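Enquirer: Here is what each chain is made of, one letter per residue.
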Amino acid sequence: MALDRIEKRFEKLKTEKRAGLVTFVTAGDPDLGTSLEILKGLPGAGADIIELGMPFSDPMADGPAIQEASIRALKGKMTLAKTLEMVRLFRQDDQVTPIILMGYYNPIYVYGVDKFLYDALSAGIDGLIIVDLPPEEDTELAIPAKKVNMGMIHLATPTTNEKRLNIILRNGSGFLYYVTIAGITGTAKPDLTPVKNALDKFRAVSDIPMAVGFGIKTPKNVARFAEFSDAVVVGSAIVDIIKNNIDEQNVANSELIGRVLSFVDELSDGVKSAKRED
Amino acid sequence: MASNKINSFRNGPDEDGHFGIFGGRYVAETLMPLIHDVEKTYNEAKNDPAFKQEFHELLKEYVGRPNPLYHAKRMTEHLGGAKIYFKREELNHTGAHKINNCVGQILLARRMGKTRIIAETGAGQHGVATATVCALFGMPCVVYMGAKDIERQKPNVFRMKLLGAEVIPVTSGSESLKDSMNEALRDWVSNVEDTFYIIGTAAGPHPYPELVRDFQCVIGDEAREQILEKEGRLPDSLVACVGGGSNAIGLFHPFLDDDVNIVAVEAAGFGVNTDKHAASLSGGAPGVLHGNRTFLLMDDDGQIFEAHSISAGLDYPGIGPEHSHLHDIGRVKYVPIDDKEALEAFQLCTKLEGIIPALESAHAIAHVMKMAPTLPEDHIIVMGLSGRGDKDIFTVADALGEEI
Ligand SMILES: Cc1ncc(COP(=O)(O)O)c(C=O)c1O
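So the sequences go chain by chain: A and B.
Take the first sequence: its letters are residues 1 to 278, numbered as in my numbering.
Take the second sequence: its letters are residues 1 to 404, numbered as in my numbering.
Since the hints were made in silico from the structure, they are not lab data.
Quantities reported herein were computed from a predicted structural model and do not represent experimental measurements.
Certain hints may be false.
[Stated by the list, open to error] Covered stretches of chain A, going by a simulated chain B footprint (3 or more residues, C-beta under 8 Å):
no., segment
1, 109 to 120
2, 154 to 165
[Said to hold, decoys possible] Here are the simulated BS3-like cross-link-like pairs (lysine-lysine), alpha carbons at most 25 Å apart as the crow flies:
no., chain 1, residue 1, chain 2, residue 2
3, B, Lys276, A, Lys77
4, B, Lys276, B, Lys154
5, A, Lys217, A, Lys243
6, A, Lys217, A, Lys14
7, A, Lys272, A, Lys196
8, B, Lys370, B, Lys340
9, B, Lys40, A, Lys163
10, B, Lys5, B, Lys52
11, A, Lys75, B, Lys148
12, A, Lys272, A, Lys8
13, A, Lys196, A, Lys12
14, A, Lys75, B, Lys276
Every residue gets a Cβ at the ideal spot worked out from N, C-alpha and C, and that includes glycine.
Assemble the whole structure, with the sequences as input and the hints as a guide.
Expert: So, in C-alpha cells, the structure goes:
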C-alpha cells in the first residue's frame, strides 16, 4: 500500500475526469474522539485524500487557524503515537482513502526516523508532507521513506523555477503540492492565473499529479482551481469550523462533526462541478 | 573566518551548513531560493575588500570600536584569584554586541537589493540594534517581540519606536523569543521579494550561523590583539554567556585552535533540574527547530518547551548549531548559572566596578565569580561583557522587591 494507495487514487480521479478534494484537519483537534469521528466521516463526505496534521508546538509555516488547532490538540495531550493510532483505527473501515501526514520534522526526528516509518506504514499512512524538510535535507526522511515505499510529497511554491523543480522532484513522490501563494496557511487568497501558469510550466517538466493548496476556502474557489489541477487542498476553512463549534474548554458542541462534514460535502461539489478541458 | 588548517576547530560549517551533525537548512520551500541567495551574496561579500572595508569603517566610526579590554581590578581583588579582564561590548553604540552583526547584515541586505528589514528580539537589544541600522540606512523595520518580553523590556520597546521601527507584539505560544522567531519566519515567507531577515544570534538556517559568527568574530579578534599587547600572551580562559550564542562564538572562535580553556554559560533559570530554565545543552537533546538541528529543550514527543530565564535575551529553548557541535566534541565547556546567581553577579559587578551589566552578561560574571577564586593569580580570564544593564533595572528592582 502506502505510495500505491496514493497512485491508485489519482488513477481513479483520472478515469472520473476530475480533480480530487484533499481535506486537512489536525489530529486531536479539538480532542481525540471528535477528531477520529471527523476522520472516519471524511471519505463519505467526499474527501478523496486526507491530510492529517501532526500537532507541533512551533508551526512556523502556518497561519493563526492551524496554529490554534495545533495548540488545542497539544492541550488535549495529543502525541505523534496517538496520531498513528488514530489512523490505525480509521484503516479498520477504510482501505482505499490515502492518508498523508502533514507537519514539521522535529516530532518525527525525536520519535526516530526508522521506527516512525515502520509504525506509520503499519498504521496505514501513505505519504508525508514535512514543511521544514526542503530537498536540501532529503537524506533525513525523503530517501529513507523512498526505500520503504512511503510517499514523500514535496512542495513547490511561487519561488520555484524549473531548475529547482527538478531538484524538488528528485526524491518527491505521490504528487507535487503547489503552494499557491508565497505565504503561510489560511491567509492570503490566491489568484487563479499565476497558479495555472505555474502548473502549465511544471507539467512541461513532469507528469506527476499536481495538487494546489493554501488560501482556498470556498466550494466556488475549489471549483475554479479544480478546472486545471489534479487535486485541491482545503485546510484552514475546515479548521475554522472546528474552532467555531467548541467552548472555552475546547469541548465540541453536538453540531461540530455534522457541520464539518457537510462543509466537506459542499467542497466536494466544487471538485465535481468544475468545468474541465479534459 | 574559517581556517585553512585541516585539523582546525574553525573549519565549519561544510557546504551544506553542517557543524558535525548540527546545523543545516530546515525551512519552508518558499524560503529556499532566498536562503541560497543570502548564501551566495555572503560568499561574494566576504571576499570583497570593499565590503570588508565598509563593515570595519562602520564598526569604527559608528559603533565605536575597538572597545577596551578592561582589567577588572576590583573584581579581581575581591575574588582573590585569577586576573579578570572584561571585553567591553557594553560600550558599543546601542549597548551590546548585537550591533556588530546588524551592521554586517544590513550591508548584505543592501547588496541583495532588499528594501525592508525584519527581526526578532528577546531582550530588545537585537531589536534596538536592528532598528538603529535601519534608521542609519533609511530602511523600514519591523521587529517581532514576545508580549511577555515587551512587558519586561519597556525601555527598549520605546527606543525601537523612537528609531522608527514597528514593534509587533507576539501573542502566540510562550510569547517570548522562540515565538518571535516563528513570527518573523512567517513574515519572511510572506514577503520574500523585498524583505531581508536580520537574525539576531548565531542560529537559524545556513548560512546564518556562519555569517553571524563571522560578523561577531570582531570581538575575539580584538580581544586577542589586546591581550597580547597587555600581557604578551594569550589568556588561559575565556568566559561568555550563551542565549543563541552569538557573543560567545564571536569571542571564542578566534581562540578555538589555541591552548585556551573555553567556558560558555547557559541560563539555568530556577535550576536545570526544574522545568523552568533555558539551558539547552545542560538539559536538552538534539532536535530540529528554526532552520537548524541543534540541542533543544523539549518533551518526549518533540514539542518545544517554553524556556525560562530572568534575562529575556537568554530565554530561548535552543542554541546555535556550532555550540552544539563544540559541546559534542568537548572543545567548549557549557555550564549553568541560575537566576539567583546572575542577580548577585549583577549587583557585585555594579558595586565593585561601576559597570551595570546586562542580566545576560551577569550570567558570565557569576561563573567568573565561581572559577576565579579557585585559580592562581597568573591565570588570565577574558570574559565577554556582552551588554549594559540599563534595560534590566526594572526586572532587577522587581526581583529585589524594590519599587522604582
Ligand atoms: C546583552 C546580551 N548578551 C547576550 C545575549 C544573548 O545572545 P547571544 O547568545 O546571541 O549572544 C543577548 C540577547 O539579547 C544580549 O542582549
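Enquirer: Next, verify each hint and record whether it holds.
Expert: How the hints compare with the structure:
1. With 3 residues having a beta carbon nearer than 8 Å to a beta carbon of chain B, the segment 109 to 120 of chain A meets the requirement of three or more and the stated coverage holds.
2. Residue count for the segment 154 to 165 of chain A with a Cβ under 8 Å from a Cβ of chain B: 9. That meets the three needed, and the coverage hint holds.
3. Annotation: proposed proximity of B/Lys276 to A/Lys77 holds, straight-line Cα distance about 20 Å (limit 25 Å).
4. As the CA atoms of B/Lys276 and B/Lys154 are separated by approximately 23 Å, the hinted pair is consistent with the 25 Å bound.
5. Restraint check for A/Lys217 and A/Lys243: satisfied, since their Cα atoms lie roughly 15 Å apart, inside the 25 Å limit.
6. About 24 Å separates the Cα atoms of A/Lys217 and A/Lys14, which keeps this hinted pair within 25 Å; it holds.
7. The straight-line distance between the Cα atoms of A/Lys272 and A/Lys196 is roughly 19 Å, inside the 25 Å bound, and the hint therefore holds.
8. Between B/Lys370 and B/Lys340 the CA atoms are separated by roughly 14 Å; this keeps the pair inside 25 Å, and the hint holds.
9. With a C-alpha separation of about 17 Å, the suggested pair B/Lys40 and A/Lys163 falls inside the 25 Å cut-off, and the hint holds.
10. For the suggested pair B/Lys5 and B/Lys52, the alpha carbons sit about 23 Å apart, so the restraint of at most 25 Å is met.
11. At most 25 Å may separate the alpha-carbon atoms for a hinted pair to count; A/Lys75 and B/Lys148 meet this at roughly 21 Å.
12. Distance check on the hinted pair: A/Lys272 and A/Lys8 sit about 19 Å apart at the alpha-carbon level, within 25 Å; holds.
13. Distance hint between A/Lys196 and A/Lys12 is fulfilled; the C-alpha atoms sit about 23 Å from each other, no more than 25 Å.
14. A hinted pair counts as satisfied when its Cα atoms are at most 25 Å apart, and A/Lys75 with B/Lys276 qualifies at roughly 19 Å.
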